[in-house]
Each structure stands twice: as C-alpha cells, then as structure tokens.
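Visitor: As a plain string of letters, each chain reads:
Protein chains: 4
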Amino acid sequence: MEINVIKAGIIGATGYAGMELVRLLSHHPEVSLVHLGSRSFEGTPYVDTVGSFRDATDTYICKNATPRELAPECDVIFLALPHGIASQHIDEDILKSTCVIDLGADFRLKDVDMYQKWYGVKHGSPHLLSKSVYGLSELERDAIASANLIANPGCYTTCSILTLAPLVQAGLVSRAETGTKPLPIIIDAKSGVSGAGRKESQASHFCETNESIKAYKIGSHRHTPEIEQYLQVISGNPLAVQFTPHLVPMNRGILVTAYIPLQSEQNPAITTDDLRDLYISLYKGEKFIRVLPKGVFPETRWVKGSNFVDIGITFDERTRTIVAVGAIDNLIKGAAGQAVQNMNIRFGFDEAASLDAIPLFP
Amino acid sequence: MEINVIKAGIIGATGYAGMELVRLLSHHPEVSLVHLGSRSFEGTPYVDTVGSFRDATDTYICKNATPRELAPECDVIFLALPHGIASQHIDEDILKSTCVIDLGADFRLKDVDMYQKWYGVKHGSPHLLSKSVYGLSELERDAIASANLIANPGCYTTCSILTLAPLVQAGLVSRAETGTKPLPIIIDAKSGVSGAGRKESQASHFCETNESIKAYKIGSHRHTPEIEQYLQVISGNPLAVQFTPHLVPMNRGILVTAYIPLQSEQNPAITTDDLRDLYISLYKGEKFIRVLPKGVFPETRWVKGSNFVDIGITFDERTRTIVAVGAIDNLIKGAAGQAVQNMNIRFGFDEAASLDAIPLFP
Amino acid sequence: MEINVIKAGIIGATGYAGMELVRLLSHHPEVSLVHLGSRSFEGTPYVDTVGSFRDATDTYICKNATPRELAPECDVIFLALPHGIASQHIDEDILKSTCVIDLGADFRLKDVDMYQKWYGVKHGSPHLLSKSVYGLSELERDAIASANLIANPGCYTTCSILTLAPLVQAGLVSRAETGTKPLPIIIDAKSGVSGAGRKESQASHFCETNESIKAYKIGSHRHTPEIEQYLQVISGNPLAVQFTPHLVPMNRGILVTAYIPLQSEQNPAITTDDLRDLYISLYKGEKFIRVLPKGVFPETRWVKGSNFVDIGITFDERTRTIVAVGAIDNLIKGAAGQAVQNMNIRFGFDEAASLDAIPLFP
Amino acid sequence: MEINVIKAGIIGATGYAGMELVRLLSHHPEVSLVHLGSRSFEGTPYVDTVGSFRDATDTYICKNATPRELAPECDVIFLALPHGIASQHIDEDILKSTCVIDLGADFRLKDVDMYQKWYGVKHGSPHLLSKSVYGLSELERDAIASANLIANPGCYTTCSILTLAPLVQAGLVSRAETGTKPLPIIIDAKSGVSGAGRKESQASHFCETNESIKAYKIGSHRHTPEIEQYLQVISGNPLAVQFTPHLVPMNRGILVTAYIPLQSEQNPAITTDDLRDLYISLYKGEKFIRVLPKGVFPETRWVKGSNFVDIGITFDERTRTIVAVGAIDNLIKGAAGQAVQNMNIRFGFDEAASLDAIPLFP
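Quick mapping for you: the protein sequence lines, in order, are chains Z, G, E and X.
With the first letter of the first sequence counted as 1, position 183 gets the number 195 in this note's numbering; the numbers rise by one all the way through.
With the first letter of the second sequence counted as 1, position 4 gets the number 16 in this note's numbering; the numbers rise by one all the way through.
With the first letter of the third sequence counted as 1, position 31 gets the number 43 in this note's numbering; the numbers rise by one all the way through.
With the first letter of the fourth sequence counted as 1, position 151 gets the number 163 in this note's numbering; the numbers rise by one all the way through.
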C-alpha cells in the first residue's frame with residue numbers, strides 16, 4: 013500500500029528533539045523518512061551521532077539541505093532548529109508544495125514585535141505569522157488539519173496551557189478591574205536537562221546540574237508570552253502569567269505546578285469535584301490526556317517515553333487556592349511527539365500512529 | 013582545657029539528621045560525644061551502619077537509652093526522632109538538668125490542637141509547649157541563649173521563613189479586608205530525597221524517585237502550619253501560606269520559590285533594589301545568610317555540605333509579583349547544622365563552631 | 013483473526029520485570045493478556061501500582077492465582093517471582109496444558125545440588141530440571157521452539173554469555189593442564205538499580221545508592237554458576253569464571269567488561285579483526301545483537317528501552333589480553349524482552365513482535 | 013604566630029581540582045592563599061565562577077600569572093593544568109625559590125619517550141624528570157619531604173597503586189618466564205564525571221552521561237604507564253597492567269576492582285587473612301588508609317568529601333583469584349587532597365592539616 017506513504021524530512025536531526033522525531037517516524041506505518049539533516053554532522057553516518065539507531069538507520073548519512081531544496085521531495089518537513097533560523101528559510105512558495113512543522117519558536121507568537129522583544133532577533137518572514145497555525149493538537153485540531161505551516165508549541169507551553177485551559181475557559185482567573193492589572197496565574201515549572209538541548213555548555217555539564225536544583229530566567233523565559241498569548245485567546249480577557257522554570261537533574265520530563273488563588277468574592281462554593289469536571293468535559297475522548305483521579309497527582313516518571321499529558325487538580329479550601337499540576341515528557345508531547353501528532357492530524361492518519369508507546373518505567 | 017567541654021548525647025543517631033549531627037560534633041572543639049542512640053541498631057558498632065565514620069568513631073556502639081537515662085550524664089541531648097515520641101519522653105525534671113534540642117516536630121507548634129490536627133497523634137506533654145523556644149537561630153537568638161527546650165525548625169520551614177521574613181516584616185503580603193481571607197503567599201518548595209529520612213520504603217526506592225519529579229502532600233504538608241505560625245508572629249497579622257513540596261532526584265538540598273503578587277493598590281513604586289535592602293538590613297552580620305547580588309539566584313549545589321542559606325530576590329514589574337528564592341542543605345541548616353548552631357548559642361560557644369565548612373561542589 | 017491470539021498470564025506483575033512484561037505484551041499483536049498476578053496487591057487496580065499504565069490497563073485488577081489455577085485458561089504463563097517459589101508450583105500436569113516461561117532462577121541450573129548450594133533453598137521439583145530449556149534465545153532457538161518449560165536466563169548471565177560465546181566457542185580461554193585449575197575468565201559487570209527488584213530495602217534507598225558505586229557479592233553472586241554452566245557447554249571443557257557485579261546509580265542497564273589474558277604460547281598472531289570475525293560469524297542475521305565497529309564500545313544508553321545486545325571487542329597487543337564489552341537493558345533483553353522473544357519463538361510468531369522498539373535516548 | 017604561615021598560589025583555580033584546592037586551603041591554619049589563577053576568567057571575581065565560595069573568598073579576583081611571576085611571592089605553587097603546559101613553564105630557577113606541586117601529568121613518568129608516546133606532545137623540560145618526586149604520599153613520604161618539584165599522581169593511579177601495592181610488594185603477581193610476557197594484573201576502574209574536568213564537551217553533557225555506563229580508552233588510558241611504572245618499582249620485576257576505565261553517572265568517586273588470578277603453582281595455601289595482613293602491615297599507622305574488615309568492601313559514598321582510601325581484599329578459593337577493591341574521592345585523595353597532604357609533608361605541617369573532614373553522606 014505504498015500509495016499512502018508520505019515522505020518526510022527532518023532538518024536538525026541530531027539534536028534531542030530531532031532524534032526523537034527519527035525514533036518516532038522510523039516505525040510510522042505511513043511515513044518514509046527521506047532526509048536527516050545536520051549542519052554540524054554533514055557527511056557523517058547518522059548512527060555515529062546517536063548510537064541507539066544502529067541497524068535501524070544504518071543507511072542514513074547526515075545531509076545539509078535547506079527547506080527550499082527539500083520541498084520538492086518531501087510531503088512534510090520538520091524543523092528542529094534554534095530560533096531565528098526557520099523564519100529566514102520559509103516562504104510561501106515552499107508552503108505551497110509542502111507542509112512545514114516547525115518545532116522552534118519562530119511562528120508561535122502572532123505579534124512580531126513581541127517576538128522580536130522576547131527573542132532579541134529580527135523575524136525573517138513576519139507576513140507568515142498570520143498563516144501559521146499553533147500546533148497545540150488537542151485545542152487546534154481543526155485548524156491543524158488544513159495548515160501548511162504548523163508552529164509546534166514549546167515544551168513548557170504545552171504543559172502549562174493544557175494544565176490550565178479548562179480553568180481559564182471557565183473564567184477562573186483573576187480579572188482586572190478597570191485601569192488595573194490582573195493578578196497573575198503562578199506557574200512554577202520544572203524541567204529535565206534535555207530541555208536545554210544537546211549542544212555542549214558548561215551549564216549542562218553533568219557535574220554542574222547533577223545533585224542540584226535552581227530556578228532560572230525568572231520572569232524572562234521566552235515561553236511566557238506564548239503561554240499568555242494562548243491563554244488570553246481562551247479566556248477572551250487580558251490575563252497575566254508569572255512563569256518560573258527550574259532545572260531538575262533528570263533527563264526528561266516537565267512538571268508544571270500552577271496556582272490560582274481565588275479572591276474572596278469569587279466562586280464561594282467551588283469544590284475539587286467541580287474543577288475535575290471542567291477537565292473531564294474539555295478533554296473528553298482525548299487519547300493523550302489523562303485527568304487523574306481526585307487526590308492523585310502527576311509524576312514525570314509515569315509519562316516518560318510517551319505522548320501522555322497527566323493532570324491532577326485540587327482546590328485547597330483552607331487557602332481558597334486552585335492548584336493544578338501537569339506532567340509531560342518534554343521531548344515527546346513537548347516536542348517531537350506533538351509534531352508527529354500534528355502531522356497525523358494534517359495528513360488524516362490515525363492521530364495516535366507511532367505515538368501509542370506506554371511510558372517506560374523505571 | 014577540658015573545663016569547657018560539654019557532654020552531648022544523640023538519640024536517633026543512625027538516621028540522616030543523626031548522622032549529620034555525629035559528623036558535625038565529631039570535630040567540635042568544645043563537645044564530647046558520649047552517646048549514640050539507636051533503637052534498631054542497639055549493640056551494633058556505629059560504623060557498621062554508616063561506613064563514612066570508620067576510624068573516626070570506631071569505638072562507638074549504638075545504645076538505646078531514654079532522655080531520662082541520659083540526662084544525668086549529658087549537658088545537651090539531641091533528639092532526631094519521628095514525631096510523637098519526644099513529647100512522651102521529655103518532662104520538666106529532665107529540662108532542669110540538661111538542655112534538649114529536638115530536631116523533630118513535637119515542640120514547634122504552640123497550639124496543641126493544631127499539632128494534634130496536623131500530626132494526627134496526641135501530644136504527650138502539652139504543658140511544655142509554652143516553655144519551648146523555636147530554634148530559628150538568626151531570628152530567635154536571644155531566646156535560644158537561655159532555653160532548655162529548643163524546638164529545631166523543620167527543613168522546609170527554615171528555608172521558607174528565612175526567605176520570606178524580610179518581606180513579611182515589611183508588610184509586603186496580602187492583607188485581608190474585614191471578613192475575608194487574605195490571599196496566600198505561594199511557596200513552591202523542592203527537596204532532595206534525604207528529607208524523607210533513611211527508613212526503607214518503596215517511595216524512596218532509587219528507581220521510584222530517580223529520573224522523576226512530583227508534587228506531594230499538596231495543601232497538607234505538616235510544615236505548613238509551622239511556616240504560617242511563625243510568619244504571623246513576624247507580621248502581626250493573619251496570613252496564609254499555600255505550601256507545595258516537591259521531591260527532586262538528588263540527595264540533599266531544598267529550594268524554595270515564593271511568590272507574592274502585589275495587588276494593584278500596593279506599593280506602586282517598589283523595586284528589586286528596595287526588596288534587597290530589606291534582606292540586607294535584616295540579615296546584616298549574619299554569617300550563614302548570603303543575600304545574593306541582584307540578578308543572581310540560589311542553586312542548591314552552592315550550599316550543599318554547608319550551613320549557608322542563599323537568598324535571591326526580584327520584583328517582576330511586568331506582573332507586579334515579588335519572587336523570592338532560597339536554598340539550604342536540608343540536613344545541615346535544615347536540621348543538624350542549625351541544631352549545632354543553636355547549641356553554640358545556648359552554651360556561649362562561637363556560633364560557627366563546627367559549622368564553617370565551605371560547600372562541597374561538585 | 014482472533015484465531016491466532018494466545019492468552020497470557022503473568023504471575024508477579026507488579027515487580028519491575030513483571031511491569032515490563034505487561035508493557036511489552038500490551039501491544040503484542042497476537043497476545044491477549046488475561047491475568048495480572050500480584051500477591052501483595054491482590055484486589056488493587058493495576059494502575060494504582062504502576063501509574064504509567066493508566067488508560068492502557070485501566071480494567072485490570074491484580075489477582076492472586078497459582079500456575080495450576082491459571083493453566084486451563086492460559087496458553088503461556090510468565091513467572092516473575094523470587095527464587096524458590098516457582099519450583100514448588102510447577103509440575104508435569106501444568107506443563108502438559110500450558111507453556112511456562114520462568115524469569116526466575118529455579119530451572120536454570122541443571123545440577124540440583126549446585127542450585128541448592130548457591131541458592132540455599134531446597135528445589136521443589138528437581139525432576140523437571142532435565143525438561144527445562146535454557147531460554148537464551150539466540151543460542152537455544154531450536155530447543156525453545158518446542159519447550160513447555162523455559163528457564164529465562166538471568167540478566168547478568170544473558171549479557172555475559174552473549175559477550176563471551178564466540179571466544180569460548182573458538183577455544184580462546186585458559187585451559188587447565190592435567191590436575192590443575194584453568195585461569196578464570198574475568199567478568200567485571202555493572203548494573204543499574206532495577207536489577208535488585210522493586211521491593212523496598214535500605215540497600216536500594218535512593219540516598220544509599222545515588223552518587224556511589226560498589227562491588228557486591230564478590231565471588232558469590234548466583235549468576236556465576238549459571239554463566240559457567242553454559243559457557244562450559246559451549247566450550248566442551250572445564251572453565252572458570254571470576255564474576256564481580258557492581259551497582260551503578262542508574263535505573264536500567266548492564267555493562268559487562270570481560271577479560272581473557274592469553275598465555276604466552278596461545279595464538280601468537282591473533283588480531284582484533286580476527287576476534288570481530290568470530291562475533292560476526294556466530295551472530296550473523298541476529299536482529300537483536302549488534303556487533304559494533306572496531307574501536308567502538310557499548311554504552312548502556314544506546315540499548316536502554318530495547319531488546320538489543322551491543323558488543324565491542326578488542327585485542328590489546330601490549331598485554332596480549334582480549335577485552336570484550338557487552339551491554340543490555342537488564343529489564344528487556346535481561347528479563348522481560350527475552351521472555352517475550354522466547355514466547356515468540358515458541359509460538360511461531362515473528363521473533364521481534366513487540367520487541368522492535370528503538371532505544372530511548374536520552 | 014604569623015611566622016609559620018606560608019604563601020600559596022594556585023594556577024588553574026576554576027577547574028574542579030583547583031576549586032577543591034581553594035576549599036581545602038581556605039581553612040588551612042598555616043597557609044595564606046595569595047593567588048587564584050585562571051586564564052579564561054582573568055579579571056572575574058572568583059565567586060562568579062564558583063558560587064560555593066561566596067563570602068569565603070569574596071575578595072579574590074582571578075588573575076593570570078605564570079609560575080615564574082608567582083615564584084617570588086609564593087612558597088608553594090599548585091599547578092592544576094592540562095598536560096603539556098607545566099613542562100614548558102617550570103625551570104630550575106623557579107624550583108630554587110619555590111616548591112611546585114603539579115597536579116598534572118608532566119612530571120609523573122620518568123621516561124620522556126614514554127611520556128611523549130602516551131601524551132602525544134613534546135615534553136618542555138625533560139631534564140627535570142629526574143628531579144621530580146612522585147607524590148604518592150604514603151609511599152614516598154621521605155622523598156616528598158625535601159622535594160621542590162612534586163608530581164602529584166593521577167586519580168586512577170593513586171587508587172590503583174594503593175590498592176595493589178601490598179600484593180605487588182609480596183610478589184603476588186604473574187612473573188614472566190624468560191622470553192615471555194607476564195600475564196597482566198587486571199584493573200577495572202570506575203570514575204565519576206568530575207574526573208573528566210569542568211570544561212564543556214558533549215561527552216560530559218548531563219544527558220549524555222546520566223543513566224548510562226561505558227568503558228572508554230580501553231588499553232590506551234594515560235594512567236596506564238604511570239601505574240605500571242610505579243608498580244614495577246615496588247615489584248622489582250617487569251609487570252603488566254590491563255587498565256580499563258569506566259564512566260559512572262555520579263559527580264565524585266573512583267572505585268578500582270583489581271584481579272590477580274594465581275597460577276596453579278603459586279601460593280597453594282594462601283588465604284584472605286594472609287592478604288589482609290599484608291595491607292595492615294604496609295599501611296600501619298596511615299591515617300588516610302582504611303583497610304576494611306574481612307568481607308567488607310569499599311563504596312565510594314563512604315569516602316566522598318574526604319582524603320580517605322578504603323580498601324577491601326579477598327581471595328576467591330574457588331577460582332584462586334585475588335580480588336582487591338579500592339575507593340577514593342577522585343578530587344581529594346585523587347587530586348587536591350593528596351596535593352595538600354604533600355604540601356603538609358614538604359613543609360613539616362601536621363600531615364592531616366585541612367584534610368580531616370569526615371566523608372559527607374548522603
């Protein structure tokens with residue numbers, strides 16, 4: 013049934029997200045992987061950079077082609093590149109002949125000024141921002157199905173938005189009185205080290221991260237505007253997010269702990285059950301979202317190696333604060349897995365194709 | 013100069029806090045360690061339970077004596093026991109002849125009902141609660157100097173209170189209008205696994221904690237009332253704390269990330285510098301508290317193996333939220349180190365005696 | 013095509029090997045999982061013991077049935093039990109109606125005295141030892157295909173034997189002169205903590221194993237006679253193994269480093285290429301064995317989450333010593349994966365069914 | 013008593029060994045630290061590169077001076093540099109006015125050709141090789157006491173030699189018959205990641221080393237000739253070492269497992285007690301060497317943070333193989349600690365000054 017097979021290329025195949033794309037697509041029943049791109053390893057056999065693929069990808073040699081060069085031979089091109097590059101290489105011609113799924117940040121923010129302020133680089137193709145579809149699979153399924161430029165969300169973003177969407181949709185956030193700022197939603201996020209990428213740096217040296225935890229980029233992490241932008245769309249109102257990422261000595265996983273203290277006049281009789289119902293209702297039928305039983309909260313070990321999002325929710329009556337906790341594997345649902353999910357939606361495949369792995373524990 | 017040497021006993025010497033007491037006191041110039049207590053290892057040479065002490069403590073055999081039995085021969089008795097036990101073994105007779113430093117929870121809360129509600133056990137000596145001094149060294153130095161019953165604070169508590177005290181003292185918290193509840197201070201805390209003790213359990217099995225992070229006891233951790241009780245004393249007003257502990261795959265260390273969103277009418281012109289000044293002012297001359305430079309935040313690796321508390325503070329103008337971050341070694345400043353510091357204060361020794369180790373990195 | 017589906021039961025499904033069996037079999041196209049057995053968790057929903065399976069196995073409740081009770085409804089029964097139990101529960105009646113694959117030690121050694129000496133328990137069914145087939149898939153494929161009692165090899169054993177078999181087969185070991193003992197093959201093995209099982213113990217407490225490495229059971233580990241027994245069958249001569257296991261602070265993985273110093277008169281002109289040829293020849297066509305290129309050696313990260321065995325080999329001319337290094341995932345090729353591989357062989361399925369996962373890195 | 017204080021400079025103070033020197037010397041009662049050298053961080057406050065030293069070394073700014081420039085003001089200069097640099101900067105003039113303790117490899121091997129072959133660089137001052145003293149404190153104490161050029165041994169080397177010295181001294185190794193090569197001593201060594209230095213590289217990236225173990229530089233690690241050279245001096249006979257290092261996912265620690273299979277005619281009646289007696293005899297009175305009780309073997313956690321060497325020894329009668337296991341903290345006894353110990357010997361201080369820390373566990 014070769015007829016249904018699409019051809020896929022990956023630009024940036026030797027980083028962690030790229031490797032994960034190769035792993036997932038290697039077994040995809042409807043995808044033929046035709047290009048593993050790497051600028052740094054051009055000409056090198058792929059297995060020499062990632063030993064896990066020995067045998068499976070023995071025949072691949074890393075090449076260095078641009079999206080323009082790949083477009084004619086690929087039905088879908090995945091970009092797993094540092095920010096600022098993709099926007100210089102994508103144009104409408106390319107998007108006419110192929111579908112681009114960008115795992116980077118260039119097409120996520122709709123406001124080019126906001127992009128340039130937070131990322132500190134000039135955007136190479138601002139006219140494409142309005143054409144890009146935000147690839148949060150569960151919440152943008154219909155738009156994704158017909159998009160040729162899909163901006164795959166950031167890892168922290170995916171976990172934060174899915175953990176908060178039902179609450180925001182239900183209006184359970186601080187709203188600003190006229191002329192004042194709303195109180196922010198507090199998002200305290202924790203990530204494994206693979207989130208920082210595979211590039212060598214002293215900050216990701218084993219001995220500098222092992223046996224330690226730290227907060228970083230407090231109030232300045234680039235996923236902040238992305239989370240705010242999308243939650244505002246859901247909310248329909250201005251809304252603020254206080255986002256603090258932390259680095260945890262583990263390979264994979266993101267845990268988001270979000271806090272919404274209710275003001276005294278808000279929802280006097282709300283309960284944990286009410287909150288759980290919001291999640292169950294919004295995520296009904298979603299194969300990859302697991303709303304946990306009351307009193308059970310996510311642990312990253314239970315999602316590692318899978319495309320699952322685990323969410324637990326409680327209302328602390330003593331302090332009248334909503335605490336929502338979400339967990340994902342940052343390289344799968346937070347990157348490559350969601351990219352494949354988006355591809356599956358876009359090409360009409362089974363949405364779970366290649367993504368049905370049960371988490372690997374321990 | 014044998015004249016200045018006091019005799020110390022440790023009940024619970026084979027747990028992590030107890031071992032750390034042995035380590036610190038072994039080198040203390042004014043302390044002679046006369047009793048290493050362990051119920052489970054009675055009769056066993058101490059080095060057979062903790063190989064690091066070979067040679068240093070070769071002559072010690074674990075014994076199992078009660079505080080009453082130890083009192084006559086000890087100037088100070090350290091208790092490193094699960095909650096509920098100390099309160100059954102301490103009475104005024106014992107306190108007349110010796111100083112008790114309790115690393116457990118029994119004498120920390122002033123309200124016996126609150127104790128019994130949060131700990132779920134009956135308190136064995138409620139009449140002693142008013143006599144106990146809360147052993148937060150930097151903030152209770154004078155009271156500690158003359159106390160015979162010192163309730164050493166919890167690990168999360170120590171880090172949380174020291175990270176927040178200057179803000180609370182300055183009134184920078186949500187205050188309740190009449191008839192309403194104040195918005196809580198959000199404390200998102202992260203701890204290494206040694207905080208859970210040395211006792212075997214599936215929850216602390218290597219494979220169950222390694223490569224994972226989770227929140228636990230959301231809204232119900234027993235350090236919550238302890239933090240609230242003490243911050244209220246500082247504040248002079250009712251105040252609420254939303255406390256969420258997390259388990260991090262590392263041996264030692266606590267990181268506290270605390271959030272205080274300012275309401276619109278509060279402190280319109282406040283800056284990060286203003287906040288840092290509060291810390292510098294309150295902690296001036298404190299040898300173990302390091303208020304970090306602006307823009308620098310704590311990492312547990314920089315305090316591991318030491319009695320230091322590192323604190324970083326920022327005001328996020330975008331969201332008008334104060335973010336304060338603190339780090340300690342949970343077994344030292346969060347347990348044994350602070351206990352020794354309290355002993356030093358109580359007996360008039362150099363407050364840093366045995367506690368001047370530079371952190372061990374990496 | 014229900015006709016091809018066999019029914020499988022697992023006794024001991026909540027340990028690490030058992031969980032891995034559930035994970036692998038959940039996706040097996042020809043297997044229906046009908047029983048998840050657990051004595052300790054009888055009556056508990058399976059997902060409450062292993063959160064990774066939420067949704068996937070939501071309907072399973074742990075039961076506690078014996079092999080005899082399961083035999084009528086199961087085509088294959090996997091036993092993942094501590095040693096000494098299986099031999100008391102298996103008899104010829106059971107083996108007439110079902111195939112038993114035992115992941116434990118009871119049916120691996122052919123000599124009942126040796127079993128009783130090394131394991132310190134009485135064997136419950138010594139008459140079955142001659143009927144059991146040693147389940148080292150690549151080397152016993154034909155016997156496995158028709159066996160009803162398959163003794164799945166130990167994790168260290170699998171890795172050690174496969175790493176050494178081509179050398180032993182070629183006679184590259186020390187042979188004893190008449191009346192003397194041969195010099196042993198030195199096997200220095202390193203394992204992740206999951207090899208010690210999921211049962212709680214102080215020895216597997218996170219803080220007791222993290223940030224440390226140790227050798228254990230030097231000269232007395234129970235996989236020693238198993239390795240010797242099988243290598244002697246390959247060799248046809250008496251042969252000794254010096255086996256030293258080490259505990260490494262990681263979840264999964266076994267690395268075996270084996271040394272064979274050649275005596276002065278042996279093989280004067282041998283080269284690394286000669287040795288590699290022995291491996292390539294013996295393992296030709298083996299899907300799960302990857303003989304690495306010259307100069308490349310195994311790392312457990314490249315096999316984690318897969319059924320692969322990676323093997324590197326070199327001849328150090330300076331010392332005239334053969335160094336062979338092998339790596340497996342102890343829970344997959346070292347336990348559950350090989351058990352499924354054996355089931356596939358036994359029932360005529362594709363040998364790689366359910367086992368084609370690419371390693372999960374990082 | 014300022015009169016006894018010597019002045020010390022460190023060149024290479026921001027690497028792991030250099031940091032450890034700063035930590036140890038900061039508390040040394042007879043040493044004043046006058047220079048923290050760093051080429052990469054010249055002009056930077058030292059605490060900005062190593063946060064653990066905040067307050068303790070707040071006044072230090074990294075400088076970049078040569079040994080020649082430092083010699084006039086320093087009584088002792090520690091070099092913690094990559095190989096090949098020290099030999100270009102040290103000459104007899106410098107050694108006339110100051111004592112140089114080199115933690116690098118340049119002055120360890122006595123044979124300049126062997127150095128140039130194994131290290132692949134030209135030696136800058138071969139005439140100094142005969143003047144350098146090998147700084148293995150316990151075995152070269154007398155020579156160290158009057159040396160002005162001390163070659164501090166490598167980390168693997170220190171652990172390997174001390175673990176094997178009593179056996180080699182007693183002649184318990186394979187001796188070559190005329191015209192043949194001796195069978196090698198097998199040394200299988202395991203190290204934490206700090207052994208690879210602080211410099212960024214993909215190989216020491218957290219995700220590339222965490223959750224994995226590998227052998228590396230099999231038969232070609234540069235500590236091999238150093239071990240052989242020194243053991244031959246002890247033995248008085250030619251002798252070969254098969255040395256295989258492994259990388260373990262932990263910050264600190266080296267474990268050496270060494271194997272000596274006895275040939276059939278050797279020492280027919282030898283016992284474990286006999287072997288222990290050799291160790292006890294050679295290391296009698298050594299404060300930093302702990303010969304463990306029979307049946308107890310080293311674990312790196314019991315020496316972490318200390319200058320201890322733990323050694324366990326057994327004779328496996330079944331295979332007639334001696335197994336000796338040693339453990340050190342690679343940054344202390346394997347680097348900075350031994351350097352300070354050598355300085356103490358050289359300047360007539362208490363040999364344990366600054367080195368009496370009890371290991372930090374957990």
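If you are wondering where the hints come from, they were derived from the structure by calculation, not from laboratory data.
Certain hints may be false.
If chains are identical, the list can't say which one is meant, so a pair holds when it fits in one copy or spans any two.
[Unchecked claim] Below, a list of computed lysine-lysine pairs in the DSSO-like style, where the Cα atoms sit at most 27 Å apart:
| no. | residue 1 | residue 2 |
| --- | --- | --- |
| 1 | Lys-229 | Lys-211 |
| 2 | Lys-299 | Lys-19 |
| 3 | Lys-306 | Lys-129 |
| 4 | Lys-134 | Lys-299 |
| 5 | Lys-306 | Lys-75 |
| 6 | Lys-108 | Lys-299 |
| 7 | Lys-134 | Lys-193 |
| 8 | Lys-193 | Lys-75 |
| 9 | Lys-122 | Lys-19 |
| 10 | Lys-75 | Lys-211 |
| 11 | Lys-193 | Lys-108 |
Visitor: Hint by hint, where does the structure go against what was stated? Just the numbers, ascending.
Guide: 4, 6, 7, 8, 9 and 11
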